[in-house]
Amino acid sequence: MAVNYGSKRLVVGAHYGLRDWLAQRVTAALMVLFTLIVLVKVLATRGPLGYEGWAGIFAPQWMKALTFAVIVALIWHVWVGMREIWMDYIKPVWLRLSLQVFTLVWLVGCAGWAIQVLWRL
Amino acid sequence: MTELATPSRPQRPEFRNINAFKDLPTYRWPLASIVSGMHRVSGLIMFLLLPFIIWLFDTSVSSEYSYARFSAAFGTGLGLLPGWFIKLVALALIWAYLHHLTAGLRHLRMDITHAVSKEAGRHSAIVTLVLSLGLTAVLGAKLFALY
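Chains as they are written, first to last, in this note's numbering: chain B, 133 to 253; chain R, 697 to 843.
Everything labelled a hint here was simulated from the structure, so no lab data went into it. Do not take every clue at face value.
[Said to hold, decoys possible] Lysine to aspartate or glutamate pairs mimicking DMTMM-like chemistry, simulated, CA-CA at most 25 Å apart: (1) B/K196 / R/D754; (2) B/K223 / R/D719; (3) B/K173 / R/E760; (4) B/K196 / R/D719; (5) R/K718 / B/D220; (6) B/K223 / R/E710.
[Stated by the list, open to error] Label pairs and their computed distance ranges (CB to CB): (7) R/L842 / B/V240: 24 to 34 Å; (8) B/L231 / R/A716: 10 to 20 Å; (9) B/R151 / R/M806: 18 to 28 Å; (10) B/R141 / R/V834: 51 to 61 Å; (11) R/A811 / B/E184: 43 to 53 Å; (12) B/R157 / R/P778: 21 to 31 Å; (13) R/L842 / B/R151: 28 to 38 Å; (14) B/L142 / R/S759: 27 to 37 Å; (15) B/A134 / R/P726: 35 to 45 Å; (16) R/A716 / B/W251: 42 to 52 Å; (17) R/T809 / B/R215: 37 to 47 Å; (18) B/K173 / R/R708: 50 to 60 Å.
[To be verified] Far from chain B, by Cβ distances over 12 Å, these chain R residues were calculated: (19) L727; (20) P747; (21) D754; (22) A764; (23) G775; (24) F781; (25) L797; (26) G830.
We treat Cβ as the ideally placed atom computed from N, Cα and C, and that holds for glycine.
Generate coordinates for the entire structure from the input sequences, incorporating the hints supplied.
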């Protein structure tokens, strides 16, 4: 374990900065990849897309698994970003905490809905 | 600190406890900070409209019937909301997504290449604005059936 006493004692920060910074970028890269895959599949469709073509994109099991991973990446990404906005602009602690709790409930609820849609296909 | 206050240095305005009405209008907004501010705004828009985004996903993939409802939302409307309003919201989402994507790629590029000089930042901000607004115009014209 790292030395955490004497002159090397850590006295500041919760030390989630690097983790959040990296998570923000990794989840973003995953969502860019997902966007490209959907875009290629849409462009590769011959004729008008319609319901069959569009729903067919999300039908393969690997695409469902990827979309699931993207939904999780998305809410993680949004949590880091929204928390940053609340921390920067909302100073009263009670209001900031309320907004952060609202953000978490909102995101988890939305993710649940999206995942349900995905596995009904 | 005393050195900073010597008269040889130009007096700069100092902002503490920023007042939105008094101080914000005097802020300078270089292009890079406009892109940064819009990155936040676009993220917030998508966060607030997340249920609508999932509704679009739900109705568009679930069944032929729901797909018809999805299409009708952009024509006859959705509930009390007319079709043109749904299209405007969709346009806002298209812009928000494209801006967030291009500004995000700009950040990733900065992280990888360390191209963080003032001039490079201004240049990439211009590229970001041209790309995101240009693509929004192209897709928006398609949305409103201009071509």
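Against the structure, the hints:
1. Taking the CA atoms of B/K196 and R/D754, the gap is about 14 Å. The hint holds against a cut of 25 Å.
2. The suggested pairing of B/K223 with R/D719 holds, with an alpha-carbon distance near 18 Å, which does not exceed 25 Å.
3. With a C-alpha separation of about 20 Å, the suggested pairing of B/K173 with R/E760 holds against the 25 Å cut-off.
4. Between B/K196 and R/D719, the direct Cα distance comes to roughly 49 Å. Violation of the 25 Å bound is thereby established for this hinted pair.
5. Pair hint R/K718 plus B/D220 holds up; C-alpha atoms about 19 Å apart against a cutoff of 25 Å.
6. Using a Cα cut-off of 25 Å, the hinted pair B/K223 and R/E710 holds, with the two alpha carbons roughly 20 Å apart.
7. In this structure the hint that R/L842 and B/V240 lie 24 to 34 Å apart at CB is violated, the actual value being about 39 Å.
8. Range check, B/L231 to R/A716: about 18 Å between beta-carbon atoms, so the 10 to 20 Å window is met.
9. Restraint check, B/R151 to R/M806: a C-beta distance of roughly 20 Å satisfies the suggested window 18 to 28 Å.
10. Between B/R141 and R/V834 the beta carbons are some 56 Å apart, a value that agrees with the proposed interval 51 to 61 Å.
11. Take R/A811 and B/E184: their Cβ atoms lie about 45 Å apart, and the range 43 to 53 Å holds.
12. Evaluation of the 21 to 31 Å hint for B/R157 and R/P778 yields a failure: the beta carbon distance comes to about 40 Å.
13. Roughly 45 Å separates the CB atoms of R/L842 and B/R151, a value that falls outside the hinted 28 to 38 Å.
14. As the Cβ distance of B/L142 to R/S759 is approximately 55 Å, the hint placing it in 27 to 37 Å is violated.
15. Between B/A134 and R/P726, the C-beta spacing of about 41 Å keeps the proposed range 35 to 45 Å intact.
16. Between R/A716 and B/W251, the C-beta spacing of about 46 Å keeps the proposed range 42 to 52 Å intact.
17. The hinted range of 37 to 47 Å is not satisfied by R/T809 and B/R215, whose Cβ atoms lie roughly 28 Å apart.
18. In this structure the supplied range 50 to 60 Å holds for B/K173 paired with R/R708, their Cβ-Cβ distance being about 54 Å.
19. Residue-level check passed: R/L727 sits 21 Å from the nearest beta carbon of chain B, beyond 12 Å.
20. Residue placement check: R/P747 does not keep its beta carbon more than 12 Å from all beta carbons of chain B (closest about 6 Å).
21. Residue placement check: R/D754 does not keep its beta carbon more than 12 Å from all beta carbons of chain B (closest about 5 Å).
22. Consistency note on R/A764: stated as away from chain B, yet its beta-carbon is not over 12 Å from all of that chain's, at 8 Å minimum.
23. Non-interface call for R/G775 relative to chain B: holds, since the shortest CB-CB distance, roughly 18 Å, exceeds 12 Å.
24. Listed as a non-interface residue, R/F781 keeps its Cβ farther than 12 Å from every Cβ of chain B; the least gap is roughly 22 Å.
25. Remark: the non-interface label on R/L797 conflicts with the geometry, its nearest Cβ contact in chain B lying 7 Å away (cut-off 12 Å).
26. No Cβ of chain B approaches the Cβ of R/G830 within 12 Å, the least distance being about 17 Å, so the stated non-interface status holds.
Of the numbered hints stated above, those contradicted by the structure are hints 4, 7, 12, 13, 14, 17, 20, 21, 22, 25, listed in ascending order.
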